[in-house]
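In the order they appear, the protein sequences are chains A and B.
If you count by our numbering, then the first sequence holds residues 1 to 135, one letter each, in order.
If you count by our numbering, then the second sequence holds residues 1 to 970, one letter each, in order.
Please note: incorrect hints may appear among the correct ones.
[Said to hold, decoys possible] 25 Å max Cα-Cα, derived DMTMM-like pairs, lysine to aspartate or glutamate:
id	chain 1	residue 1	chain 2	residue 2
1	A	Lys102	B	Glu858
2	A	Lys34	B	Asp759
3	A	Lys87	A	Asp10
4	B	Lys743	A	Asp99
[What the hints assert, rightly or not] Just a sample of chain A residues kept apart from chain B, beta carbon distances all over 10 Å, derived:
id	residue
5	Val16
6	Lys26
7	Glu81
8	Leu97
9	Lys115
10	Leu126
[As the list claims (entries may be wrong)] Chain B stretches covered by chain A per the calculated footprint, using a threshold of three residues with CB under 8 Å from any CB of chain A:
id	segment
11	323 to 335
12	766 to 777
If you're looking for bench data, these hints aren't it; they were derived computationally from the structure.
Predicted, not measured: the structure shown is a model, and the values here were computed from it.
Backbone N, C-alpha and C fix where the C-beta goes; we use that ideal spot for every residue, glycine too.
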Amino acid sequence: MSKFILVDDDSTMNLVHSTTIKYHKKDAQVMEFKSSLLALDFLKETVQEGGELPEYIFLDINMPEINGFEFLQTFEKLPKESTQSTKIFMITSSLDLRDREKAFSFDSVYGFICKPITVRTLTEILSTTERRMDF
Amino acid sequence: MLDQPDFNTLLEDYRKLQLRVTRFSHTEQELINTRDRLDQELVLYKRMSDFYSEALKCPDSKTLLALSSEAVVDVFEFETAFVLEQNIDGKDDAQLFHDGIEVNPKEAQNIIHDLELITAPTQGVGVIREKLNLRENLLALKHFSKAFFFRYTDVESGSCLVIIGLISLKNLPLYKSIDSLHDTIFKVFSQQVQSILGNIKKSEQIQQQIETITASELELKKLSLIATKTKNGVIITDSKGRIEWVNDSFSESSGFTLEEIVGKKPKDILHGSETDSTSKEILSNALANKENVELTLLNYHKSGSKYYNQIEITPVFNEQDELINFISLQKDITNEIKAKEEILRINSRFEQIAKKSQIGIWELEFIDNTIVWNDVLLEQYGSVKEEIKHDLVGFWRASIHPDDIDRVLKSQERLYAKELESVEMEYRIRRLDNGEWRTLKTLTICETDDEGNILRLIGSSIDITETKQAQEKLIASEEKYRKLIENMNLGLVETNLKDDLVFMNAPFFEKSGIRHPEALILGLEPERTLQDRIQKGELLSYRRIDEAVFEVEIENVKKESLFLLVSSGRVFNQEKELSGFINIILDITSEKQLTKSLENALKERDSYVNELDSLKQFYENVLNNSPAKIAVLSPKLNIVFINKLLEDQELNWKNSEGKAVEEVLKDRPEFLAKIKEAQKGNSLVQMEEHLLDKYGNDKFVLRNILPHLNEKKELEYLVISGVNITQMKEIQNSVITKNNELKKINAELDNFVYSVSHDLRSPLLAIKGLIHLIFQTTTVEPNVENYLRLAEDSVLRLDSTIQEILDYSRNARLDLSLKPIDLAQLVSTIFTDLKFSAPEGIALNMEVEGSPIIVSDETRMNVLLKNIIGNAVKYRRSIPDAYVMVKVFHTEEATMIEISDNGQGISQQSIEKVFDMFYRGTSESIGTGLGLYLCREIIEKFGGKIKVDAEWGKGSTFTIIHPHKVLKHE
Chain A
1 MSKFILVDDD
11 STMNLVHSTT
21 IKYHKKDAQV
31 MEFKSSLLAL
41 DFLKETVQEG
51 GELPEYIFLD
61 INMPEINGFE
71 FLQTFEKLPK
81 ESTQSTKIFM
91 ITSSLDLRDR
101 EKAFSFDSVY
111 GFICKPITVR
121 TLTEILSTTE
131 RRMDF
Chain B
1 MLDQPDFNTL
11 LEDYRKLQLR
21 VTRFSHTEQE
31 LINTRDRLDQ
41 ELVLYKRMSD
51 FYSEALKCPD
61 SKTLLALSSE
71 AVVDVFEFET
81 AFVLEQNIDG
91 KDDAQLFHDG
101 IEVNPKEAQN
111 IIHDLELITA
121 PTQGVGVIRE
131 KLNLRENLLA
141 LKHFSKAFFF
151 RYTDVESGSC
161 LVIIGLISLK
171 NLPLYKSIDS
181 LHDTIFKVFS
191 QQVQSILGNI
201 KKSEQIQQQI
211 ETITASELEL
221 KKLSLIATKT
231 KNGVIITDSK
241 GRIEWVNDSF
251 SESSGFTLEE
261 IVGKKPKDIL
271 HGSETDSTSK
281 EILSNALANK
291 ENVELTLLNY
301 HKSGSKYYNQ
311 IEITPVFNEQ
321 DELINFISLQ
331 KDITNEIKAK
341 EEILRINSRF
351 EQIAKKSQIG
361 IWELEFIDNT
371 IVWNDVLLEQ
381 YGSVKEEIKH
391 DLVGFWRASI
401 HPDDIDRVLK
411 SQERLYAKEL
421 ESVEMEYRIR
431 RLDNGEWRTL
441 KTLTICETDD
451 EGNILRLIGS
461 SIDITETKQA
471 QEKLIASEEK
481 YRKLIENMNL
491 GLVETNLKDD
501 LVFMNAPFFE
511 KSGIRHPEAL
521 ILGLEPERTL
531 QDRIQKGELL
541 SYRRIDEAVF
551 EVEIENVKKE
561 SLFLLVSSGR
571 VFNQEKELSG
581 FINIILDITS
591 EKQLTKSLEN
601 ALKERDSYVN
611 ELDSLKQFYE
621 NVLNNSPAKI
631 AVLSPKLNIV
641 FINKLLEDQE
651 LNWKNSEGKA
661 VEEVLKDRPE
671 FLAKIKEAQK
681 GNSLVQMEEH
691 LLDKYGNDKF
701 VLRNILPHLN
711 EKKELEYLVI
721 SGVNITQMKE
731 IQNSVITKNN
741 ELKKINAELD
751 NFVYSVSHDL
761 RSPLLAIKGL
771 IHLIFQTTTV
781 EPNVENYLRL
791 AEDSVLRLDS
801 TIQEILDYSR
811 NARLDLSLKP
821 IDLAQLVSTI
831 FTDLKFSAPE
841 GIALNMEVEG
851 SPIIVSDETR
861 MNVLLKNIIG
871 NAVKYRRSIP
881 DAYVMVKVFH
891 TEEATMIEIS
901 DNGQGISQQS
911 IEKVFDMFYR
921 GTSESIGTGL
931 GLYLCREIIE
941 KFGGKIKVDA
951 EWGKGSTFTI
961 IHPHKVLKHE
């Protein structure tokens with residue numbers, strides 16, 4: 001069973017994405033976070049309690065409170081042994097190449113995807129094991 | 001009648017008589033035989049006596065032996081005979097005679113061998129009666145049957161005499177009666193020969209002794225001659241040491257004749273006050289002990305001068321071991337001694353030189369392994385002898401730099417292995433006293449004897465640390481000069497004798513555009529070379545200026561003709577042989593032009609010389625009415641002229657003509673300093689002065705101070721001009737301010753567009769996602785599906801409009817950000833993105849010729865290619881082999897990107913407008929009409945071009961011409 005976490009301040013987008021995931025992968029467990037800070041807190045707690053981090057995090061860039069990049073900075077400070085099996089995908093409406101480059105400066109980022117995620121993109125995401133510039 | 005005799009008795013008597021007669025005749029026969037024998041004996045004796053008388057006359061043993069061998073045959077009538085005389089031990093000197101003739105040693109060998117076999121070991125006479133040929137081992141005498149021999153060995157003199165007579169088998173019957181007779185006589189004969197031989201031999205010995213004595217007498221004579229004539233002095237004294245005889249050489253070296261000193265003792269006449277007393281003692285002790293003595297002594301010449309004498313005195317004893325003489329050999333070795341002293345003096349001088357020139361010297365004796373270091377060497381290692389003398393080698397090794405030690409020891413080993421006779425090395429050592437690293441240059445020489453055994457090692461050592469540093473500095477400065485030359489406005493070309501280029505400061509030739517710098521190498525015969533090159537068209541003309549200096553006209557790549565001053569020089573190597581040529585080239589084109597215009601000006605001036613006054617008036621008028629404020633100063637900075645404007649507007653200058661500028665401008669030190677700078681530097685000086693006008697407002701003046709030089713480059717006067725730039729300054733300031741404001745606004749606007757686009761897109765993308773969801777998760781009625789599709793299209797169009805507006809805004813406002821980008825990568829990313837919107841029915845291909853890397857702005861390039869490739873995909877035709885082909889290749893000036901397709905193409909009336917703003921080709925177009933307009937804007941910003949070639953219904957080809965070098969415009 002795969003665990004997904006969606007972080008996006010746009011709840012409609014979260015709904016679209018979680019539905020798409022569940023539609024595609026019936027046993028998927030999907031958590032939605034409208035607040036990036038709450039999402040971080042959840043991840044930190046999970047690590048402290050010795051729980052397992054989700055396999056996939058879909059992360060928006062432009063968010064209030066802390067944006068996607070600040071989220072990544074904090075996330076990468078968590079113990080390596082707990083974060084290493086988590087793949088983060090940037091899900092954004094930005095078309096700026098500079099955003100794309102910046103995203104790939106983080107080790108945990110596996111892909112940069114233009115909203116919305118379609119079933120086709122999702123299939124590719126789930127079958128990939130390497131970091132890729134484009135989907 | 002007689003009594004009848006009894007017949008029987010008669011017969012008896014007759015018989016008796018008969019017997020008697022027989023007996024008688026027998027006796028008679030015996031008598032005859034005896035007589036015959038005696039006769040024969042007599043003959044033999046007679047013959048023998050003849051032989052004796054002959055033999056006694058023999059002068060030597062050889063003649064006797066030859067005679068004997070003949071006599072054996074003559075006397076005894078043997079068939080043949082041999083006489084052999086030889087030593088018992090060595091048989092080399094054996095003498096063999098055969099029938100009176102000596103047999104040569106080679107043939108004699110076999111015969112002697114046989115004789116030994118036949119006769120030994122008998123002593124005296126022997127007879128061999130059986131056949132000799134039955135004996136084995138005989139080599140030469142096999143065919144003889146019978147032999148009489150005599151063998152006598154004289155133990156005292158060690159000689160052996162063999163006489164043999166031989167009879168062959170064939171003739172044996174003739175010698176039947178020989179036996180008894182010969183036995184005795186042969187013995188007598190042999191003994192006689194032997195005794196005569198003994199006598200002759202003795203007399204020969206005596207003769208020999210006489211000869212020896214004669215010879216030794218001769219020898220003695222020779223010896224005394226040698227003693228007389230030898231260059232060495234000879235003194236012979238009696239047993240008491242008194243002089244008996246001296247030779248001429250002695251007289252010569254000592255000055256004394258024999259008559260003067262005979263009977264005196266040598267020491268009394270030869271020794272003097274400076275003669276070494278120890279040596280004298282050794283001498284007299286040896287003489288007293290009657291021993292051999294050898295020594296060197298200082299002797300005095302008759303005249304009182306001193307000389308060194310090497311003396312060897314030998315005592316001479318007679319047979320009774322009594323001392324009879326002393327013989328003294330003397331050799332004047334003053335020269336040798338002096339030479340030795342000279343060597344010592346040279347040695348010490350050398351030591352002095354070594355010390356003065358700071359050469360360290362050491363010696364290692366192999367015999368006793370002793371090492372000597374001189375003071376200089378100790379100094380080089382910063383040590384004192386006492387500290388290190390117990391282990392000099394260990395100290396030396398410990399001093400050597402770890403990086404050098406292996407190399408040093410290896411060289412030393414090669415020396416020991418006799419691979420080398422000497423080794424030169426450079427290595428670093430650490431001084432003992434201050435731990436400083438020093439570099440030494442050393443030479444080690446191996447001295448060997450004649451057999452090649454090492455006697456000693458001698459080494460020298462010079463501290464070259466400073467030299468080394470200087471050398472490194474030299475190399476560094478050479479590098480510096482090389483760089484300097486390269487950046488200098490002076491051409492340098494060096495070639496070797498084969499005309500290969502050795503050095504050339506390329507920047508000069510690049511700058512001046514000279515294509516073949518080597519054409520300026522003039523070689524050994526410059527004039528000839530130049531003529532050749534002119535014929536070949538490499539040069540235009542030349543003019544000789546000096547012996548090795550030419551003015552050469554050459555055409556550069558821009559077809560301009562350049563005038564070059566070429567000075568041709570030769571390069572020599574260390575052996576002072578010509579190794580190449582070096583030419584120094586000066587570009588005098590501008591000077592040449594200047595000279596020409598100067599000549600013209602001079603000509604003009606000459607024609608106007610009469611009108612000078614009016615000209616002066618004219619200039620003054622011009623200057624007075626100039627909008628600039630002008631002052632003219634003399635070289636000594638006195639004011640020669642000021643124009644009206646200056647006099648009116650600046651109070652300092654009022655009535656200042658003829659005054660010193662220093663006084664006039666004493667409250668304006670900065671201005672004054674600039675004037676002096678121009679005066680000194682002979683070049684234009686500019687300054688901006690900030691003044692306050694009489695109303696207290698800011699006022700800016702730009703001053704030019706121009707030194708005017710005459711033809712001799714001497715300062716003639718300084719022209720100071722001032723222009724009021726206050727207004728200009730104000731405008732400039734406001735421009736800068738406005739520009740800054742604009743930049744700020746631009747940045748804000750960009751931020752604004754970014755946020756707005758993001759905020760606009762987010763809900764749009766949500767709608768897009770939702771529509772997707774509906775299609776994925778539910779089945780809708782066909783007409784609802786149609787509405788949803790339309791809604792999705794609208795969303796897509798709105799989204800692409802937002803994207804294009806964003807891109808346009810970006811391109812217009814953001815600076816170019818140039819870096820190397822990979823076109824192949826960029827295009828394939830775009831291909832991947834496009835596959836989602838047009839997944840099937842079109843082949844996307846790319847071909848790259850040469851490097852895919854260009855220097856450009858990645859964001860803009862992405863927008864540009866995405867638009868054009870996107871269009872090609874969007875407006876494809878539904879045919880089986882639909883394609884888009886992207887080709888990248890390079891020309892000399894630009895990178896070409898050609899995007900061609902077999903899509904819908906563009907109609908003739910549209911093709912000119914496709915790049916216009918908001919132009920849309922068909923009503924079915926989904927776009928905003930911004931796409932291609934943006935593309936042209938972008939490529940023009942790069943300084944490139946975009947072209948289109950298309951046919952309606954067949955396809956289109958867009959060609960992007962991207963320059964290799966994109967210029968950034970502010």
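How the hints compare with the structure:
no., hint, verdict
1, Lys102/A / Glu858/B, "15 Å, holds"
2, Lys34/A / Asp759/B, "16 Å, holds"
3, Lys87/A / Asp10/A, "21 Å, holds"
4, Lys743/B / Asp99/A, "23 Å, holds"
5, Val16, "4 Å, violated"
6, Lys26, "13 Å, holds"
7, Glu81, "34 Å, holds"
8, Leu97, "5 Å, violated"
9, Lys115, "4 Å, violated"
10, Leu126, "16 Å, holds"
11, 323 to 335, "violated (count 0)"
12, 766 to 777, "holds (count 8)"
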